[in-house]
Amino acid sequence: MESGCSKKLLDLIPQEKKWGFIENQNGISHGSSEEKKLELKLGPPGEEDELLVSFGYFSSMKSNAKHAHNKFPPPQEDHRGGAVLAASWAKNHHHQPKPPNCSQKRTAPAPVVGWPPIRSFRKNLATTSKLASESPTSLPHKVANERNPAAPETRGKGLFVKINMDGVPIGRKVDLKAYDSYEKLSTAVGELFSGLLAAQRDPSADGPKQEEEKAITGVLDGNGEYTLVYEDNEGDRMLVGDVPWHMFVSTVKRLRVLKSSELSVINLGSSKKGKRVQN
Amino acid sequence: MQKKMAYSFPDEVLEQVFSFIQSDKDRNAVSLVCKSWDEIERWCRRKVFIGNCYAVSPRMVIRRFPEVRSIKLKGKPHFADFNLVPDGWGGYVLPWIAEMAGAYPWLEEIRLKRMVVTDESLELIAKSFKNFKVLVLFSCEGFSTDGLAAIAASCKNLRELDLRESEVDDLSGHWLAHFPETCTSLVSLNISCLRSDEVSFSALERLVGRCPNLRSLRLNRAVTLDKIANILRRAPQLVDFGTGYYAAELQPDVFSNLAGAFSSCKELKSLSGFWDVVPAYLPALYSICPRLTSLNLSYATIQSPDLIKLVSHCPRLQRLLVLDYVEDSGLEELASSCKDLQELRVFPSDPFGAEPNVSLTEQGLVAVSLGCPKLRSVLYFCRRMSNAALVTIAQNRPNLTRFRLCIIEPKTPDYLTLEPLDVGFGAIVEHCKDLRRLSLSGLLTDHVFEYSGTYGKKLEMLSVAFAGDSDLGLHHVLSGCESLRKLEIRDCPFGDKALLANAAKLETMRSLWMSSCAVSFGACKLLGQKMPKLNVEVIDETEPPDSRPESCPVDKLYIYRSVAGPRFDMPPFVWTMGEAVRILH
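In the order they appear, the protein sequences are chains G and P.
Throughout the first sequence, residue numbering follows the working numbering, covering 1 to 279 in sequence.
Throughout the second sequence, residue numbering follows the working numbering, covering 1 to 585 in sequence.
Just chain P, same shape as in the assembly (with noise of 0.2 Å):
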């Protein structure tokens, strides 16, 4: 093999070109040269993404790669985060861990999102890697904080703590005091998930204090306000900060201490947390709002005047995450005064009511669209939509790469013509050529799918509700959406037709989640038989599917690509499909 080679760079030489290739997209390009640029490339690589836990297999990937220094794993799918994953389901990091912790001594770096973590798997990432640096739990559950407590005693070079909204059963908020006094690695470190009322406050703020390269610390909330001042005294350098409840009683004295505290942040740049406002106090941020680019106040009830004021001071605004407390009011005054706007989330205060609450319809979407060059990525509940506003939405901003709208009431049809929602979404994914995600929602026909597989050529990702007539809708997405990675699709009348004859298109994508749909059991079985490399997992928490006729439909299933075969973690709800003879579980 060398003498082939002969003329080609030396393996150091190629190590250090192929260290400045960071994308994953790009570095398995590269090993897909040749034989030797593979050898090469596996043992250089430090940094590895799996989409979703089950479709490799631990040691598949250390066998693959055995120098990875930071590892990125997803477990559960996205509807999980709305309760449509049963719990149990799977997703546990453990299997990871303990294989991770021979294979891998000099791991830094461990980001996992909805994943099932114990205290057991925190536990042994304390134990086993010694120079671990970065732990991110995005929407995690099945630990405490005794976990925690393990973590922080034992990672002294830990920079990385990140919980964000995961679900930790908080025994006690003295967890942090197991950070040792030598500890001053921290770089980030957002508690904002923890309930716990007696955060040991004292230990926090000792934490922060010796810890100078702190840059992002996301509070929870049971750090009051009146101890926000004390906190940012200790670390003016933050760039992001979360606060606990901005809720106190007005005093004078405190909201001048909190204004100076805020001042004196000169690199502050992104504000979070908010829970429970007293506007009153709104102003003592004043002082960072034209510095500025990234607010979330999702869960800050206060009304749409107050935001007006806030959110006027904000020139530099590019993120705003809001309620629809803001109102189109609100959102007319965001899209003159955010010039740089690039993505926006407005969340409904009141998701269950009948009746609008508030007076947020699709105006304030236009406005925003028609106002801020910049907007790419949109996320907007509201109770009422029209074709004529989603046209104009899709020609004012032909930028857009995520769009995900929900209108809340299901089926709801253009309230100005009573017509299907169809051709305001074809106008969005025609006009949109660099869309790479779409919610659909309202009342839509086959239509839609039609005008998605047609037009949605970068389209990665797709979730649908409620939504089509036949199973022609679900063969135009699957048949046309050439880059089309996650599908989940919810209470859609989509059988067996398209799913059968778009069988291998399944392979190309990471993911099909369909629930409340019409695919029979048969039907799922037929392609756990012929497809292996498929994944066919069938989930009902009432009855086994086997205990009814082939042709009923499931309730539902989860289908995904794998090089691991069928899992063995399976709780007793799930069955994957499997050899012509048996069901496995």
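Just chain G, with the same shape it has in the complex (with noise of 0.2 Å):
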């Protein structure tokens, strides 16, 4: 099975490239002997030197890993040794040189998604907690929204708002930072969900995707068959484009795509009338 196993293995590293595994005088003990058919190079070919210093630094560590009381030094001793080599590695492996025309997307200095990794009900309960010691009398209506799954989420700088569409049973959520008008949102959202639905649709297609699409257009003029409402902090539903953009961003806590032969089925409200029958 070993044999059959290496085989595969070594298939899958393409000819040109070549690991070197150099094996020091103890040889590497850990793990199958698998390893030892397998040839591994630390770095990219021709920093010989630097294989040699780090598998000299290994073997160290394991011999050192034989003598108990020398395992692992006590915070008094001198660490230089495993720093001077630690940094070393680092400073020589750390930049990979990238491979031309790929996105750079991942070198700006954004906030980063998912760090720390806690849920997203734990998010928020700094600031709930100031909310409740200034009231303690009051009584807990929509203060904390970081586990309202209609509420916007602000990851870092985005705004992120959960959007429904009739007969997609998954939302998506969109980040309402990154438009600054209807227009654009309109965009977005039509593109979204034209993918979704045509997914849907056939899912096992394997041909070029925009074949499939039909494009979602006319969501904000109530000309397109589908028509795009929001849900806004006082519960009410809402057309999307009556209020200035600034006053939609700051109301609003979820959008829905509506099928627009369902609009009349459903009463809107808009601020100037008051309170609606919400369906």
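What the hints contain is simulated information worked out from the structure, not anything from laboratory work.
Please note that the accuracy of each hint is not assured.
So the derived list for chain P, only partly shown, Cβ under 8 Å to chain G, looks like this [said to hold, decoys possible]:
1. 84
2. 299
3. 377
4. 381
Yeah, the Cβ is synthetic: ideal placement off N, Cα and C, and Gly gets one too.
Mind docking these for me? Both chains are given alone in their own frames, and the hints should help you get the complex.
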């Protein structure tokens, strides 16, 4: 089984690249014997000196492991050896050359998505407590929005709002801060759901995407097959486009793409008319 | 075949013997003994656990195990909890329910984690399984209170309804009223994730009052403090209770009513909830504190002195979840008062603040490691750490089985020496020989992976972020960690070499997640072509991976073993690497 395994492994390594695994005098004792058949190089070809130094460090760590009292030096002892090598590792292997034509999007210093690794409902606890301590007698209305799936979620600088569409079971999220006008939002929404609808209609299609997509347009002007509505902070359902953009952004809680034919069934309220009957 | 088996036990006897074997691993071993054992075993297997819903198809499960009564399914990868898996990726339970509706009419239990559950699925469950008893939806989404109403109305023998940490479209609190007056079977009800301000409280009270076997009840935030006493008096047999908001203006009669209600719950061992706590009401709990084994205060924004007072009343505490308001001083108190402590989780109160807002450092964890001999499981968020502290913790607590440390700022070095934290984490994997789960953070080089591969022989799940220098790091883990089942990596400079060289290893694991790493599209395609038993999914929400050169790294990669082949429910931003000719999409 072993020889079959390693044969399979080596098959996957492109012919022109070679791993050079230099065995030191102690041999590599951890893991299975398959590694001995593997040839591994630590850095790009040509950096032979680095390899010896690194492996030297590795073997000295291994021999340290055998002497219990030497294993992990207590804090008072000098770590300088380890620190120097660690630094050289970091220096030499940190920056991989980037292949040409790759998007640079990941080098931008944006707030890190998904870090620190906590669930959404743990994100705003400090601010919630401030509000609670200021008014301990107030009943807990919609003060905390950290777990409200309908409330906008601010991840770093974005303003993410949930958007659902009739006929599509799973909602998506859009970042309203990415747009500065109703037009841009409408285009983005159209593109977002065209793809989803197409995938739903024929999930095993493997032709080019464009043929299957039917563009979703006219969500704002009442002429298209679909219309964009939203729910504001008072729970009212409104037509998108009625109020100035910045007012919309500050009051929107969630979006919905409805079939225009369904609009008459639902009574929409506008800020001028006051409270409405919610569907 | 029967001639050969003349000397063995009759099937019925073997079935009876097998019925004492409950663990999946043992059951699987039994089925490997011989063909007849396999045959007998598959007909009497009642419980199935499927760790990845895409590893196998519903039909395959049904074909092999025709008489299942209880199923547990997991969907999205763990990093979905932190918004790294885009909405719409997958994990739909409906196809499973649809198949099981026909094949398992006597299905009693469905437990789901990180799956998309629609109202349609819930309605189908309600209609299809006449003896349905247990529904657990852990971190699920996609359904509303309408679906819950269907479950409540139809499931005559419902024992457990647990919605922990799920995202529910809260349309109305009236779904609770759909439990018929004849429903008295509830043992566990967890609605803590619901946001509705209008939970039908009277319906809830009546439901609680008529279920004499109710052992676990977790309310949601809409239930105010003054209502707790009424609920508790109707269910003094509760073992586990989750409050709603625990805040109100201090009134002596409300307080004494509450304290009296708690003290009448002689079996109460576990408390949770506590959104917005008014510390003055905490002493109402003192009568039950001596019996408490589990306390979840991880939403309670109370300060260290109040936490210390409470914790010092709980000598039997085994499990504590708390915010970092507990501070080092609170943890030192915990270490001296709670000698039975097995699990500690400390969450950040201000995760995005640049500066520490509380005095919680590595010292608190060191104190607990020293004072609590039974400590096995740790989840700790802090802002500084040292190798010395980690070495001390490792030497104090070699019995750790789960160690998850999150130093909030990525790549933070040892604050005393400014070195990487390799040696510290190395001590953890070396000393804690039964370590099954490890999360790394801070400044880390390839060395920490070398130690993990060398010593982490029992390691089953490893989470890595912003660590390592080269492919060698990944290679150490994949080649050394023999028990590895789940590996999740983000923002590490790991590329093609280690992945391709250890391709066979991936078939022995449940899954591998890599995002913002350096694995090229070409390598993903190669892996997908050469390894038919792996599903290699490339996830990219901005543009298709083939619109760039093959050498470009993919944004997100999710690889999992599967006997079901590639799935067909993928959204437009997920591509499965398939045969050499085309990419399945």
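These are the hints, each one checked on the structure:
Annotation: interface hint on residue 84(P) holds; nearest CB of chain G at approximately 5 Å, less than 8 Å. Checking residue 299(P) against chain G: minimum C-beta separation of about 6 Å stays under 8 Å; hint holds. Annotation: residue 377(P) was flagged as interfacial toward chain G, and the flag is violated, the nearest CB pair being 16 Å apart, outside 8 Å. For residue 381(P), the shortest C-beta to C-beta distance to chain G is roughly 6 Å, which falls under 8 Å, so the interface hint holds.
Hint violations for this structure: number 3 only, all remaining hints satisfied.
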